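**Q** These protein sequence lines map, in sequence, to chains A and B.
The first sequence maps to residues 0 to 259 in numbering that gives the first Met the number 0.
The second sequence maps to residues 0 to 331 in numbering that gives the first Met the number 0.
Taking lysine-lysine and the DSS-like style, the derived pairs with C-alpha atoms no more than 25 Å apart in a straight line are:
no., chain 1, residue 1, chain 2, residue 2
1, B, K90, B, K2
2, B, K131, B, K176
3, B, K300, B, K251
4, A, K171, B, K93
5, B, K245, B, K224
6, A, K1, B, K93
7, B, K106, B, K93
8, A, K8, B, K131
9, B, K259, B, K274
10, B, K176, B, K142
11, B, K131, A, K1
12, B, K142, B, K192
13, B, K93, A, K8
14, B, K106, B, K176
15, B, K300, B, K274
16, A, K171, B, K12
17, A, K171, B, K90
18, B, K192, B, K176
19, B, K106, A, K171
20, B, K297, B, K310
21, B, K34, A, K171
22, B, K200, B, K2
23, B, K176, B, K90
24, B, K310, B, K274
25, B, K251, B, K224
26, B, K297, B, K251
27, B, K274, B, K297
Note that these hints are calculated values from the structure, not bench results.
Quick caveat, the model's predicted, so the values are computed rather than measured.
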Amino acid sequence: MKRYFLIYKECIRVAFATAATYRMNFFLNTIIMLLGDILFPLVTVLIYGSGAGFEGWSVYEVLLIQAVFTMSLAIADMTFHGIMWATMLAVREGNFEMSLLMPVDTMFLLMAKNFSIDAIGLFLGGLTIFIIALVHLAVPSVFMWLQFAAMFFIGMMVMMGIALIMAATSFKWVGNSRIPEIFDSIRSFGKYPQSIFPKTVLVISACFIPVAMIGFFPAATLMGRGSYVMFLAIIPCILFMMLGILLYRSMVRLYQGVGG
Amino acid sequence: MGKIITVENLIKKYETFQRGSGLKESMMSFFHRVKVPVMAVNDISFTVEEGDIIGILGPNGAGKSTTIKMLTGTLYPSSGSIRVMEYNPTKNRKAYVRQIGAVFGQKSQLIWDIPPVDSFRMNKAIYGIPDKDYTQRLEVMSKLFGVEDFITRPTRVLSLGERMKCEFIMAMLHQPKVVFLDEPTIGLDVIAKQKIREFIKEMNGRGTTFILTTHDLEDVEQLAKNVIIINHGEKVFDDSIDNLRKVLGEKKLVRLVLTKPLKELDIEGADIIEKESELNITVSVDLERITITEFIEKLSKRCDFTDISIKEMPMETIITHIYQSKENYGTA
Chain A
0 MKRYFLIYKE CIRVAFATAA TYRMNFFLNT IIMLLGDILF PLVTVLIYGS GAGFEGWSVY
60 EVLLIQAVFT MSLAIADMTF HGIMWATMLA VREGNFEMSL LMPVDTMFLL MAKNFSIDAI
120 GLFLGGLTIF IIALVHLAVP SVFMWLQFAA MFFIGMMVMM GIALIMAATS FKWVGNSRIP
180 EIFDSIRSFG KYPQSIFPKT VLVISACFIP VAMIGFFPAA TLMGRGSYVM FLAIIPCILF
240 MMLGILLYRS MVRLYQGVGG
Chain B
0 MGKIITVENL IKKYETFQRG SGLKESMMSF FHRVKVPVMA VNDISFTVEE GDIIGILGPN
60 GAGKSTTIKM LTGTLYPSSG SIRVMEYNPT KNRKAYVRQI GAVFGQKSQL IWDIPPVDSF
120 RMNKAIYGIP DKDYTQRLEV MSKLFGVEDF ITRPTRVLSL GERMKCEFIM AMLHQPKVVF
180 LDEPTIGLDV IAKQKIREFI KEMNGRGTTF ILTTHDLEDV EQLAKNVIII NHGEKVFDDS
240 IDNLRKVLGE KKLVRLVLTK PLKELDIEGA DIIEKESELN ITVSVDLERI TITEFIEKLS
300 KRCDFTDISI KEMPMETIIT HIYQSKENYG TA
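Generate the whole structure from the sequences, applying the supplied hints.
**A** This is how it looks when you write it as structure tokens:
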């Protein structure tokens, strides 16, 4: 365990060193990600400003959901989303054996080696909106904060499950770079109040592909608007991540490499 | 010294799709693709003694790299068994790869944007190398390779030769018992090649076993004690380098500069195999049929010459013969 911690620490150091090497690229990336993803909550503000909105939800409640979603996305981008692109590229170029040669868990190594600080701007943007929204809402209790932390963590599991499933598919379907876009679209359901969706979508986003856990459920706990559904959704979320891990591990065996 | 690697009836087959090259065939392949089975490695068996340097030779696509990848545990064989030390590479991968090292000439372990020394630190963390050992090993290997000046420069600004030296350090920091090298000298200049060969010899002297695939016959001639030749996925030769030289028989090449053109040689056991000009000829002498002394004696009676040189049969000629032949020379 200590060795894994040291490896992760070393990978973070390398990520900072790489970012420092291309400072301009890092700053531009940070700004572009910040603008791109912060634009969405701004649209929400504009919608509510024009008198429209999501029925039963105030602008700050919606902003809180979207801020939680943005922060989840940023942390996922920094910590484990890299495995998706790294696996796809390594399989396509036949470099995956370089990871298999290392005496550590391949999945962990790829996640650690692809730690990226580019999404730090996105996280800070999400955090800013989170604070602004929270200031305008009732102060959450300690219990609510604990629930939020747990739900946020479980939401991370869902994101990891999605990333691993997508990465695992690249062992079979080499060059499937458009598949993540489908998941990106499905994931978007997590950044809206779930009550606006029909029941079928609700069931899917809570139980089958539990994207509601990425933004909505954690935010709802902070607003005291949680329901029993979100607690039921914990099980599929954990199963979703386990499925991702198992699928990735079994698909690694299909790796064929390329001609030498 | 005992056997460190035992490979038995190793087979790797996979399926790929046949695709057409023209527009019509490319369009057709959207709807129907023909599966083509590929036998990358076909029933290969061999053993390697501890402390050996084994050269694996073969033309492009012969199955050398696939064999090496299966030996490193990064590719699963279709059937057959591999035993390296006490490990089966496909099982307990993490424990196994801790004991081996690998350098793939066309793939890099170094992190492109940061100096090699930072990549070394990454491997230090991955292999859990203690600080003292790491510093000591890095110092020894840096001196052996003469890389002290550039390991702190970003990898991307280094030359191929410099990068390759760093790849070797990267692969050897954890002191592996067996090292697999897949075309380690590809694209390098003669000085860099020589430096790498010296490093391999030095490490082999310290007890490391090396398995290398290469197209560079000089690598094999200078390093390997034994040679395995793979062609079309099958082993066609497995023996010592000395016996490899005897594949075409005990032959010598005699280069002559004549004073007058020679119509026919007419010496039993000797044939003109190359005529650069009327006066510059190369003769192949079969030592099983005639000794060099007898040949020179007979030759001096038939013609006058101003220069003579006697050489071994070039390795290229022998290897080309084996690649093109369907005969199996596996004598081990």
